[in-house]
Amino acid sequence: MPMRILPWLIIPPAAIIGLGLLLQGISAIDSQLYFTWGYFLEVLIAGTLQGVMYSLVALGFVLIFKASSIFNFAQGSMVLFAALTMVGLMGWGLHWTLAFLATAGVMVLLAMAIERAVLRPLVNQPHIILFMATIGIFYFLDGFGQTLWGSDVKQLDIGIPRTPIFIFEETFEGGILVNQFDVIAALVGGALVAILAIFFQKTRIGRALRAVADDHQAALSVGIPLKTIWAIVWSVAGIVALVTGVMWGSKMGVQFTLALIALKALPVLILGGLTSIPGAIVGGLIIGAGEQIAEVFLSTYIGSAIQDWFAYVLAMLFLLIRPQGLFGEKIIERV
Amino acid sequence: MFYREAGQYKSDYASDQAIFPIRQDRIGVLLIFLFALLVIPFIATNYLLNSILVPFLVFSIAAIGLNILTGYCGQVSLGTGGFMACGAFFTFKLTTWMPEVNILLIFLMAGFGTALVGIAFGIPSLRIKGFYLAIATLAAQFFLIWMFTQNPWWTNYNPAGVITAPPRALFGNFYITGIEATPVNKYLFLLCFTAALALVAKNLVRSALGRAWMAIRDMDIAAEIIGIRPMAAKLSAFAVSSFFIGISGAAWAFMYTASVEALAFEVTRSFQVLFMIIIGGLGSILGSFLGAAFIVLLPIALSNLPAMVGLRLPVDLIAHLEFMIFGALIVFFLIVEPNGLARLWQIGKEKLRRWPFPY
Numbered sequence: 001m002p003m004r005i006l007p008w009l010i011i012p013p014a015a016i017i018g019l020g021l022l023l024q025g026i027s028a029i030d031s032q033l034y035f036t037w038g039y040f041l042e043v044l045i046a047g048t049l050q051g052v053m054y055s056l057v058a059l060g061f062v063l064i065f066k067a068s069s070i071f072n073f074a075q076g077s078m079v080l081f082a083a084l085t086m087v088g089l090m091g092w093g094l095h096w097t098l099a100f101l102a103t104a105g106v107m108v109l110l111a112m113a114i115e116r117a118v119l120r121p122l123v124n125q126p127h128i129i130l131f132m133a134t135i136g137i138f139y140f141l142d143g144f145g146q147t148l149w150g151s152d153v154k155q156l157d158i159g160i161p162r163t164p165i166f167i168f169e170e171t172f173e174g175g176i177l178v179n180q181f182d183v184i185a186a187l188v189g190g191a192l193v194a195i196l197a198i199f200f201q202k203t204r205i206g207r208a209l210r211a212v213a214d215d216h217q218a219a220l221s222v223g224i225p226l227k228t229i230w231a232i233v234w235s236v237a238g239i240v241a242l243v244t245g246v247m248w249g250s251k252m253g254v255q256f257t258l259a260l261i262a263l264k265a266l267p268v269l270i271l272g273g274l275t276s277i278p279g280a281i282v283g284g285l286i287i288g289a290g291e292q293i294a295e296v297f298l299s300t301y302i303g304s305a306i307q308d309w310f311a312y313v314l315a316m317l318f319l320l321i322r323p324q325g326l327f328g329e330k331i332i333e334r335v
Numbered sequence: 001m002f003y004r005e006a007g008q009y010k011s012d013y014a015s016d017q018a019i020f021p022i023r024q025d026r027i028g029v030l031l032i033f034l035f036a037l038l039v040i041p042f043i044a045t046n047y048l049l050n051s052i053l054v055p056f057l058v059f060s061i062a063a064i065g066l067n068i069l070t071g072y073c074g075q076v077s078l079g080t081g082g083f084m085a086c087g088a089f090f091t092f093k094l095t096t097w098m099p100e101v102n103i104l105l106i107f108l109m110a111g112f113g114t115a116l117v118g119i120a121f122g123i124p125s126l127r128i129k130g131f132y133l134a135i136a137t138l139a140a141q142f143f144l145i146w147m148f149t150q151n152p153w154w155t156n157y158n159p160a161g162v163i164t165a166p167p168r169a170l171f172g173n174f175y176i177t178g179i180e181a182t183p184v185n186k187y188l189f190l191l192c193f194t195a196a197l198a199l200v201a202k203n204l205v206r207s208a209l210g211r212a213w214m215a216i217r218d219m220d221i222a223a224e225i226i227g228i229r230p231m232a233a234k235l236s237a238f239a240v241s242s243f244f245i246g247i248s249g250a251a252w253a254f255m256y257t258a259s260v261e262a263l264a265f266e267v268t269r270s271f272q273v274l275f276m277i278i279i280g281g282l283g284s285i286l287g288s289f290l291g292a293a294f295i296v297l298l299p300i301a302l303s304n305l306p307a308m309v310g311l312r313l314p315v316d317l318i319a320h321l322e323f324m325i326f327g328a329l330i331v332f333f334l335i336v337e338p339n340g341l342a343r344l345w346q347i348g349k350e351k352l353r354r355w356p357f358p359y
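Which chain is which? The protein sequence lines are A and B, in order.
Take 1 as the starting number for the first sequence in this note's numbering and just add one per residue.
Take 1 as the starting number for the second sequence in this note's numbering and just add one per residue.
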């Protein structure tokens, strides 16, 4: 798919400046709304970095959906399970790198088990049945992880600095406050996407994965082993879940609510398009930034705690214009 | 041997279109209904009525509602909890505003109100399909719950945000909500109400409207080509489905928990009802009942099982194990019979017809 660069250079800055001008206009009319450009940018950056965290979750969904058209609701509980396992292993005295590798191994085993026990018997069933089965996996993993490792909140510390820093102190009054942790999380997310991109574009397995994503039957007929590919995809999604779990877990502690971040990733997914990795990234950034700006600047007008639904309504309104999401494959229907 | 329709001839159109064309079915359903109506109230304990039969009936209504939308019209919805909350809060507002109006009418009015909300949130279905739609309906779920928790107007400015259901009588002294209501009263009312609603649903899905829904489900473009208006069909499915779900939400809040709170209708409730129709059988009214019974009974059985076999486990471990077994059973059921319990019943019926002969 050829990417047109020019719109991407123009539209986002234009949207940001337009939004800023709009809010500035509102604050000029209504003194209740506090607005300076520095503050606006600070909120925007915080939201965007938060959005990277959403993208990480969404990425796991997209990988599996692309390869097998399964909407894997269990991604959230895979995140929780991975984080719990890693904390548990670190509790045995392992260094975090070793624990990370061991947990990655556990996630691969888990992927193989899921492929063997759930996906293989359900092959050729309607999508909704497979979706339901992943909700079953969601419940199972939730219970399994907490049975193994207990349900109390655990700290996961791999030594990421958390002190906030100020940037652009000479441009804006007081500078812009940026959380160092979020910046590192964003870098990790970027690195993960780069590795995945190389894996998909340059390796033999990556080519096979893309073939399966395009057309199951055609892939089978040229001799690509579908079952192996599925196990690999679920393993990759499991490792993405592990990275996500490490980042989210060290941000807010490893606990049951980690499984529910899947609900945060869903609007990101449909906004970006269910089948597109760039979509998951861009969707995450838009949702993160939009949500944060709405919460900070609009909550005086429509009430607090709008994060719960704002992302969904944003995604839904967007879908009314483009039903396949930003980067999703155009849905062509024939009778 | 006993279950066969040999000798039962259809001699007019009415008998050809009967809901239960086989006499044994008619007798069986009638016997079950009479048993539930006349025998159970006298033999059942309050525990059985309050924590098994009442939630079963409430969930049956919700499952029928969702089955109309998802099973018959093919639109996957995850907003069930939000619509149930609508029914509960509409009922509360209406009945505190007009205490003299009969509670049955209030329930129906709340159902119609929820139907309007359902139409509003069903509009995206005209453009969005499949999983995109399923996620978009989550917008309804989160937005509605947020609206009910944020606006104190919905709870009549009650500081706690949790309100008990006011006492209301169906007629005379027959209280069905509030503290005066006995479990038997609630059960009897719900039984008749559910039976009536199921009859309405069964007849709706056999009508022209129901056939239009099924055509949309099977392939919407083909349906459009043969002259079915997708907008009318989809929005009517959303409306009817929300009507049922709203009523079940009202019954949940007023008869099962006896308190109206938005927290009872979180997204897990939506998944629960979706499980019911998938396990029970998509596109089957009977399946809605079977699925509701299964999902209501399973957690109770799971939490009582360790105590029954004499195991003493810590409470939180039991809770986690319950989650695990629940998830595993869901997957197991989907693998064994993806078409649900209703399909099992059909297979059983075929076997029963030939019994005791092999063919």
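Honestly, the hints are just simulated from the structure, not real lab data.
One or more hints might be untrue.
Stated by the list, open to error - Pairs of lysine-lysine, DSS-like flavour, derived with a Cα cap of 30 Å:
# : chain 1 : residue 1 : chain 2 : residue 2
1 : B       : Lys349    : B       : Lys10
2 : B       : Lys202    : A       : Lys330
3 : B       : Lys10     : B       : Lys129
4 : A       : Lys330    : A       : Lys202
5 : A       : Lys227    : B       : Lys129
6 : B       : Lys10     : B       : Lys351
Quantities reported herein were computed from a predicted structural model and do not represent experimental measurements.
The hints, checked one at a time:
1. Lys349(B) <-> Lys10(B): 20 Å, holds
2. Lys202(B) <-> Lys330(A): 38 Å, violated
3. Lys10(B) <-> Lys129(B): 42 Å, violated
4. Lys330(A) <-> Lys202(A): 26 Å, holds
5. Lys227(A) <-> Lys129(B): Given pair Lys227(A), Lys129(B) holds - Cα atoms ~28 Å apart, limit 30 Å.
6. Lys10(B) <-> Lys351(B): Cα-Cα ~23 Å, so holds.
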